[in-house]
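Protein sequences appear in the order of chains A and B. Start counting the first sequence at 6; every next residue gets the next number (this note's numbering). Start counting the second sequence at 2; every next residue gets the next number (this note's numbering).
Treat each hint with caution, since some may be false.
Calculated cross-link-like contacts (lysine-lysine; reagent style BS3-like; alpha-carbon spacing at most 30 Å) [unchecked claim]:
1) A:K141 x B:K836
2) B:K836 x A:K78
3) B:K54 x B:K155
4) A:K80 x B:K54
Since the hints were made in silico from the structure, they are not lab data. Being a predicted model, the structure only gives us computed values, none of them experimental.
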Amino acid sequence: MARARDLVKIYGEGDAQVNALAGVSAEFRRGELTAIMGPSGSGKSTFMHCMAALDTPTSGSVEIDGVEIAGLKDKALTRLRRDRIGFVFQSFNLVPTLTAEENITLPLDIAGAKLDKDWYERIIDTVGLRARLRHKPSELSGGQQQRVACARALVSRPAIVFADEPTGNLDSQASAEILSFLRRSVDEFGQTIVMVTHEPSAAAHADRVLFLADGRIVGELLEPTAATVLEQMAAHDPAQRVS
Amino acid sequence: MRRVTMAGIRGHWLRFLLTSLSVLLGVAFVAGTLVLTDSLDRTFTGIFSQANKGTDVYVSGAEGATAIDGTNLRSGLPLTLEAELERLPDVRRAAPELAGSAILVGKDGTAVRNGGAPTLSFSWLDDDPVLEVVDGRAPRGPGEIAVEEGTLQKAGLTVGDRTRVVVGPRVMDVKIVASVRFGALAGTTLVLFDEPTSVNLFAPDGTTAAFQVQGNPGVSQEALVGQVQQVLPPTAEAITGEAKTEKDTATMRQALGFINTFLLVFAGISLVVGGFIIVNTFSMLIAQRTRELALLRAIGAGAGQVVRMVLAEAVAIGLVGGLVGLGAGVGLAAALQAALTSFGLEVSGGLPVSARTVIVSLLLGLVVTVVAAAVPAIRASRIAPIAAMRDDVAMPEKGLRRRALWATALLLLGLAAVAPALRLEGTGSNASQVAVVLLLFAAFAVGAPALARPVIAVVGAPFAALSRSVGRMARGNALRNPRRTAATASALMIGLALVSAVSVLSASATESTKSLVNQLVRADLVLEGGFTGMSDGITDAVRRVGGVKSVAGLRAVPLDVDGAPQLAVGSDAAALADAVDVQMRSGTLDVLDDGKVLVSESLAKDEDLDVGSTLSGVVGSLPDAKLTVGGVFADNPAIGSSMVIPAKLAEQAVPAPQRADMLAYVVLDPGADAAKVRAAVVDAVKPYVVVSVQDRDEFINAQSDQIEQLLMTIYVLLALSVVIAVLGIVNTLALSVFERTREIGLLRAVGLSRSQLRRMITLESVYTALFGAVLGAVLGLGIGVFMQHVLVDEGLTDLVVPTGSLVTVLVLSAIVGIVAAVLPAVRATRLNILKAISVD
Ligand SMILES: Nc1ncnc2c1ncn2[C@@H]1O[C@H](COP(=O)(O)OP(=O)(O)OP(=O)(O)O)[C@@H](O)[C@H]1O
Ligand SMILES: [Mg+2]
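In isolation and in its complexed conformation, chain A is listed as follows (with noise of 0.2 Å):
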C-alpha cells in the first residue's frame, strides 16, 4: 500500500546539519494499523511528512499506492494528498470558519468529487458526531475536534491515512475513543494506518510498532501490548546505548 526506501532527510549544511532521516526503509500493508515510537527528535514526524507527500527526502523514493512520488510536480502531489491520502495532525486540523460537517467532506468538496453518502454515515456513527455536526469547531472540545479531524481524513476513502501524535493534546478518555477508532476504521473498513505516538498504551492498539532512533529504524514488534512495547523502548533508550 505504501513503502518507503532509503529516506533520507538532511537539514541545514556543514555544522547545522541534521540528518533527520538516515536512510528509513519500511512497507505498510493494507489494512494494518502500524504505530512508529522513538524518542524526542529521532524523526518520527520527518518520517510521516515525507511519506504523507507533506515533504520531500533528500533521496529516497516513497510509493504510495502504486505511485513513485519522488519527481511529481506540486499539482499532482496536491492531488494525491487530497485523493489518497489522509492526514492528521496533533492539533489545529479543522478549518475554523466551516462546521464539523464542512470540515470532514473538505476534500471532497476541494476536489468537487460526490460524497458517498453510506459511506460518510458510516463514518460519522462510528466518530459519534452526529449530534454536532452544524458546530463550528471552536464549540467543539479538543477531543471531538480531533475525532473531525479522523473523520475528514477517512472520508475521501484515501489509500492510506498517516496520524502525527493524534492523542498528544488528550486526555487519557479522549485518546481511548480516538484510538478505538482507529481501531475499528482498520477492522471495519480495512483502512491502512499509520500513527506516531509517545504512549506504549496507545501503541498497544496497533499492529506493529516500528521504534526510530536518530533517523533509522531500530527495531520492530508485532502484536505489541503495553508491556512488550515499554520493553522495547527501554531497550532503544538513547541514554543506555550510549553507555
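Given the coordinates of chain A, work out where chain B with the ligands should sit on it, guided by the hints.
For chain B with the ligands alone, kept in the frame of chain A given last:
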C-alpha cells in the same frame, strides 16, 4: 518598549509601507495644493510687479461691479487728464491705460490663444519700463503692431510678417514691426498698437479707466499720490504702484481660489479614506499581537506603556507618510501645473516648497495617523494579561446589533431631513443639505458591519455556485470579522458613493440641459464667441446676412446689487422673444423696451420681488443704478441668468472695450434655406476667427459636453480615492493571509491546490470590494437623487439614473477586488505547507 516597537515595524515592513501609503496620498493632495498655491502666487506676483513696473501711482475711475474675469469695471476718466497730471511738478510721465482684447491671427489662419487665457492688447510707449524691445521698431498707425515674443512664437510668425488682428468688430490687416519681451505672462497673448490707434480702439469715447503715473527720481510713491490727488475729479482715486500690485495679486488669488477649494475637498476625502485604512490596519495588527501584548502586560507593562508603544508605531507611519507625501505632493503640483497649462494658464512660479507646506504636511500625516490609531491602541491596552494563556485568541465580536440600531436611527434621521426636501423642492439651506449627506454617510459607515452578512450572501451567491467549497470558504473568511471587512470596504464605499452621486447628478444635468434647451430654444443657430465673447460688430454682421430674421445677443453685465445675481443678461425684447421661449409669469417681455428689468420666478420668490419692485446698486460701471422690475419669467437656462436687463442699459453699463455678447441666438426667416443661410453666417463670422456657429443639435450636445468635461476631472480625482481603497484591501488581505498562515497550510495539506487557494483569496477580495461597491452605489444613488430634488430649481429638472455607469462601477469594483488580491494570493501560495502548519 522602543525595541519592541522597532522590531514590530521591521518585522512587517511591507504592511508598514502600505499603511504609510494611505497617509501619503492624503498628504500628497494637501501638499500639492499648497505648492501649487504658492507657485500661482509667485507667478502672478511676478506678472503684476512686471506690469506695474515704473508705475508709481495708479489713477482709476470709480470702481464698478466686478466682472467675471475678476477685474473691476470702472467709470471712465477723460483722456485730457493726462496733460493735467503731467503738469504736476514731480510727475515725469503719465499714460492712459489703453487696453483691451485683441486676437492675433497666426500663420495657420486661426486665433493665437491659450485656452481661457486673456488676449491682451495695450498701447506702445517709448521707453516703456514694462517692456524690453527684442527686435524691430515702434509701431506706427493702425497697420503696424508689436507682438510679445512668446505670442509671436506661438503664432508661428516673425517680425516683418503680415497678418490680421481682430479687435472687437474690426478685422485689421497689420504688419508686425517689433518683438518685445514682457517676462512671464501665464499664457496671456499680447499685441501692442501705437497710442493714437489704441485710443481709437479702446477709448473711442475719449475716456479711459485708468492712468499710470511715473514720478521723478527721488519722489516717494506716497508723496506722489498726495500730489496727484489734487488734480483728480471726485470720482477718481489714486493708489501707489505697490498697492496696485498687491491688489491685482489678491484679485487673482481670489479668482483662482476655486482650484484650492476643489483640491482640498479631495485631500479631505483621501485623508478620511486613509484614516479608515489606518484604523483597520492597527486593529488587525493588535488583534494579531494580542498574545504578545498580553504577555507584556503579564510581565508588568502598564496599560499606558502599551498605548504608547502602539502610538509610537503610528508616529513612525505618520512621519514616513507625511514626508513621502510631501514629495508626492510636489509631483502632483507639477502635474496640476501641466494641466493648468493645457487650459491656457501657464504657471511660471516653479515648485516652491515653503516651510508652511513642510510643516502642514508632516503635522497632517502625524495627526491623522495618531488619531486613527488611538482607538485600536486604547483597545489594546484593555487586553487582559490572561489572554496570553489562551490558545485561541480572538477579539470579542459583539455589538453588531447595537450598530444596526444606531445606523437605522441615523438613517431615519437622514430620511426625516430629506422628506421635506422631497416634498417642497428646493427648500433648505446648503448647510442642511450637507448635514443630510453627512448623516447618510455616517449611517452607512456605522451600519456597514451589520450589513456585511446579508450583502455578501447576495453578492457572493453567484460565485459560491460556481465553486462550492472555495466560494463558501471565501465567504466565511470575508464574514469572519464583519467589522474588519466593513472597515476595509468603507474606503471603497466612500469613493464609489461619490462616483455614483456624481454620475447621477451629471446624467441628470446632461439630460436636463438637453431637454430644457430643446424645449426653450427656438433659435436656428447659436453663435459663441469663446472666452472673450463677441462684440457688437459681429452680431451686426450676422444680422445683415440674407435670410436671418433676428439676432438676440446675451450680454453679460456684472452687478453688485443686493437681491440680484452677480451677472445679469442684457438683451433686446423682440429678438429674445423670437429666439427663446420665455414664459412670463407676470408682466410682459416688452417692458425691457421701457427700461425695466425681468427677474426669474425663483429669484422673485427668494428675494420677494414682484412687478414694481425696485433694486439699486452698481450695474457694470454705473455706480448708482436703479432697476425696476417689470416682469417675472419662468426659470430659463437658455437665458443663463435670473435677471434680464434692457440692451440699452447694458450698453451704458459696460465700457466699449469690454462690451461683448457671450452667446447670440440667430433666428432665420421662415422658409429660408437653413443650410444656405448657415453657410452665409459662417462666412460672415469667419474673419473674427474665434466665433463658432452651431445649429440647435450641435449646441445642445456642446452643452452636455461641457458638463462631461468637468466630470472627467472629478472622476480622475475620485479615482485616487479608489486607489487608496484598493491599498486598503491589499493591506487587509495581506494581514489576514498572514493571520491564517496555519489554516492555509492545513488546507494545502488536505489537498487544496495552489490555484484553488488563489481563487479563494481572490474571491474574498472580490466579496469585500463588491460589498463596498454595493453600499457605495446605494448610498451614492441616494445622495444623487436627494441632490437632484434639491437642485430642481437650479435647472436639474430631470432625474436620470445612469444604470450603465453604475453597473460599470460594480464590475470595475470586482476587478479592483481581483487586482487587490494578486499580491496577497501570491504570498499565500508560496507558503511552505509544513512551515505554515508549525507557525503559532
Ligand atoms: N525544518 C527543520 N530544519 C532543521 N532541522 C529540523 C527541521 N525539522 C526537523 N528538524 C530536525 O530533525 C530532527 C527530527 O525532527 P522530527 O520533528 O522529525 O522529530 P520527531 O521525532 O517528530 O520529534 P518529536 O517527538 O519531538 O515530535 C530533529 O533533530 C529536528 O531538530
Ligand atoms: Mg514530531
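Each hint tested on the structure:
1. The suggested pairing of K141 (chain A) with K836 (chain B) holds, with an alpha-carbon distance near 25 Å, which does not exceed 30 Å.
2. Taking the CA atoms of K836 (chain B) and K78 (chain A), the gap is about 19 Å. The hint holds against a cut of 30 Å.
3. Distance check on the hinted pair: K54 (chain B) and K155 (chain B) sit about 25 Å apart at the alpha-carbon level, within 30 Å; holds.
4. Only pairs whose Cα atoms come within 30 Å are accepted, and K80 (chain A) paired with K54 (chain B) is rejected, the gap being roughly 79 Å.
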